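Construct the entire structure; sequences and hints are all you get.
Note that the protein sequences, when read in sequence, are chains A and B. Numbering-wise, numbering that gives the first Met the number 0 puts 165 at position 166 of the first sequence, and it's gapless, one number per residue. Numbering-wise, numbering that gives the first Met the number 0 puts 14 at position 15 of the second sequence, and it's gapless, one number per residue.
Note that these hints are calculated values from the structure, not bench results. Please note that the accuracy of each hint is not assured.
[Said to hold, decoys possible] Listed next, with one range per pair, are the computed distances between beta-carbon atoms: (1) B:K200 with A:H237: 25 to 35 Å; (2) B:Y146 with A:E62: 49 to 59 Å; (3) B:Q30 with A:H142: 41 to 51 Å; (4) A:Y123 with B:D134: 51 to 61 Å; (5) B:E77 with A:R95: 11 to 21 Å; (6) A:D229 with B:E158: 26 to 36 Å; (7) B:D37 with A:R49: 50 to 60 Å; (8) A:R3 with B:R98: 47 to 57 Å; (9) A:N28 with B:D17: 48 to 58 Å; (10) B:E150 with A:K242: 52 to 62 Å; (11) B:A113 with A:E230: 18 to 28 Å; (12) B:E77 with A:D195: 30 to 40 Å.
[As the list claims (entries may be wrong)] The list that follows gives simulated cross-link-like pairs (lysine to aspartate or glutamate, EDC-like), each with its CA atoms no further than 16 Å apart: (13) B:K16 with B:E164; (14) B:K117 with B:D46; (15) B:K154 with B:E164; (16) B:K97 with B:D58; (17) A:K59 with B:E77; (18) B:K67 with A:E102; (19) A:K141 with A:E233; (20) A:K59 with B:E78.
[Unchecked claim] One side of the interface only, derived from the structure: several residues of chain B facing chain A at Cβ under 8 Å: (21) N64; (22) G71; (23) L72.
Model, not experiment: these values are computed from the prediction. Cβ atoms here follow ideal geometry from the backbone N, Cα and C, with glycine treated the same way.
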Amino acid sequence: MARRYDSSTTTFSPEGRLHQVEYAIEAINNAGTCVGILARDGIVMASERRITSGLLAPAKTSEKTYKLCPHAACNVAGLTADANILIDQARLRAGRYHYQYQEPIPVEQLVEHVCNYKQSYTQYGGLRPFGVAFLFAGYDEKHGFQLYQSDPSGNYSGWKATVIGANNQAGKSLLKSEYGSSSAEMADEGEETSPDVAGALRLAVKVLNKTMDGTAAAAEKMELFTMTLDESSEVVHHILTQKEAQEVIDQVEAETASAGDS
Amino acid sequence: MSILEYNGAAMIAMAGKDCVGIAADRRLGIQAQTVSTDFTKVFKMNDTIHVGLGGLATDVQTLHNILKFRMGLYELREEREMTPQVFSHLLSTLLYEKRFGPYFVEPIVAGLDAKTNKPFLSSMDLIGAPVQTKDFVVSGTCTGNLYGMCETLYKPDLEPDALFETLAQALLASVDRDALSGWGGVVHIITKDGVTTRELKGRQD
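This is the structure we're talking about:
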């Protein structure tokens, strides 16, 4: 039934669905997982590094984490070629906003711009949608640290913690139970409070362990990114070194081992 | 009236021993009337590149913002810092793109090659014709004076402190005979260890 209504992006099916957009979302469910977690003092984005062949030259740059401007970065899940176009769009938009207003672009505006661009490929032109989902991490003066997720439809929303890519449902269910609920973070009434960046890193690794289950957790298989403020209130983008990543992995291993004993 | 002489400027960049210096006056005028005595014409683009923009003030500021934008994009895409040579070339092509409606600015670029620490100097006209030199470059409303002073005072391989003295004296003496430039000066000396900035006080007229 869907067959007649799924070859054109710009056609609704009788059930009111855009099949091409849904197929694009499917494409992303085969991509490397990305976890994003909003912490009290920053944001953590962790992704699975998929090495598809031993013959591939070692990557000189990340293929998951991209800086968009001094105060925003994103993680990609999906078709890298599609992502490159959108990342460039985002960088240009942020640069032009800053040129015009001599102020950094508010994070949500940057996200909305990329999403509007994605949306136009679901309504005009007969071109296929972008097969990319993003996690956007950014900081602005008005709203502090923010985490957004966007998909091929051009829809976006702000999250405290979320997962995109392969096995994202498993990741999300783990976040639902674990985010803000570790004893160190509980407020008196048992309300959920956010972790700090160190805690968020450990939680992110835990999530990746679950979504990547079957493969042993190793520093080369993960890319851990943090966004924080330094003493002069400048935004710091940091991709953890192998050594730093291994430390987090070891901490998580120790935690799960001791949790198992108690 | 020449549009390039509407606001007034004087700037010099000079090469020393593993260092460069760039200096400019502080005047902003509207023809004869002086409007500001702390107008910035030399801009730090990154740790190794300074650019001096002399000419119509609105274009000085616009060009600075455009260069910041372009440098930012370069660093995001290439994940590395721009070198002085690349920057100079970018500026040249930027200016030529406006060949038939140009920015009224005649810039000078002063930089240090990050790896070799060798000085880099270039200057260009308002449509981007570049010139690279080993000794000094000048720009502004009193280039005749500036060339004369530099040619007389310049010596190759000056240490940073001597370079500062030479730059300062050359600038101060040149602007005194030019009504449109002066009202103080700024000198930046760039070495691999950082940038030292000093203000100059000359004739306040």
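Okay, the hints, checked on the actual structure:
Between B:K200 and A:H237 the Cβ separation comes to about 44 Å, which falls outside the hinted range of 25 to 35 Å. At roughly 52 Å, the beta carbons of B:Y146 and A:E62 sit within the given window of 49 to 59 Å. Remark: the range hint 41 to 51 Å for B:Q30 to A:H142 is upheld by a beta-carbon distance near 47 Å. About 58 Å separates the C-beta atoms of A:Y123 and B:D134, a value consistent with the hinted range of 51 to 61 Å.
The hinted window of 11 to 21 Å between B:E77 and A:R95 holds, with their beta carbons roughly 19 Å apart. Look at A:D229 against B:E158: about 34 Å separates their beta carbons, and that is inside 26 to 36 Å. Under the hint 50 to 60 Å, the C-beta atoms of B:D37 and A:R49, about 55 Å apart, fit the expected range. Distance hint check for A:R3 and B:R98: the Cβ-Cβ separation is about 55 Å, which falls inside the suggested range of 47 to 57 Å.
The hinted window of 48 to 58 Å between A:N28 and B:D17 holds, with their beta carbons roughly 56 Å apart. Range check, B:E150 to A:K242: about 56 Å between beta-carbon atoms, so the 52 to 62 Å window is met. Under the hint 18 to 28 Å, the C-beta atoms of B:A113 and A:E230, about 26 Å apart, fit the expected range. Against the hinted window of 30 to 40 Å, the Cβ-Cβ separation of B:E77 and A:D195 comes to about 33 Å, which satisfies the hint.
Our distance criterion of 16 Å between C-alpha atoms is met by B:K16 and B:E164, whose separation comes to about 14 Å. Distance restraint check for B:K117 and B:D46: the Cα-Cα separation of roughly 14 Å lies within the 16 Å cut-off, and the hinted pair is therefore satisfied. Proximity of B:K154 to B:E164 is assessed by CA-CA distance (about 12 Å); at most 16 Å being required, the pair is judged to hold. Between the alpha carbons of B:K97 and B:D58 the distance comes to roughly 12 Å, so the proposed pair stays at or under 16 Å and holds.
Distance restraint check for A:K59 and B:E77: the Cα-Cα separation of roughly 11 Å lies within the 16 Å cut-off, and the hinted pair is therefore satisfied. Distance restraint check for B:K67 and A:E102: the Cα-Cα separation of roughly 13 Å lies within the 16 Å cut-off, and the hinted pair is therefore satisfied. For the proposed pair A:K141 and A:E233, the alpha carbon gap of about 15 Å is at most 16 Å, so the pair holds. For the hint pairing A:K59 with B:E78, the CA-to-CA distance comes to about 10 Å; that is within 16 Å, so the pair holds.
Taking 8 Å as the C-beta contact cut-off toward chain A, the hint placing B:N64 at the interface holds, the least distance being around 6 Å. For B:G71, the interface hint holds, the least distance from its beta-carbon to any beta-carbon of chain A being 6 Å, beneath 8 Å. Annotation: B:L72 was flagged as interfacial toward chain A, and the flag holds, the nearest CB pair being 6 Å apart, inside 8 Å.
Of the hints listed earlier, the one the structure fails to meet is number 1.
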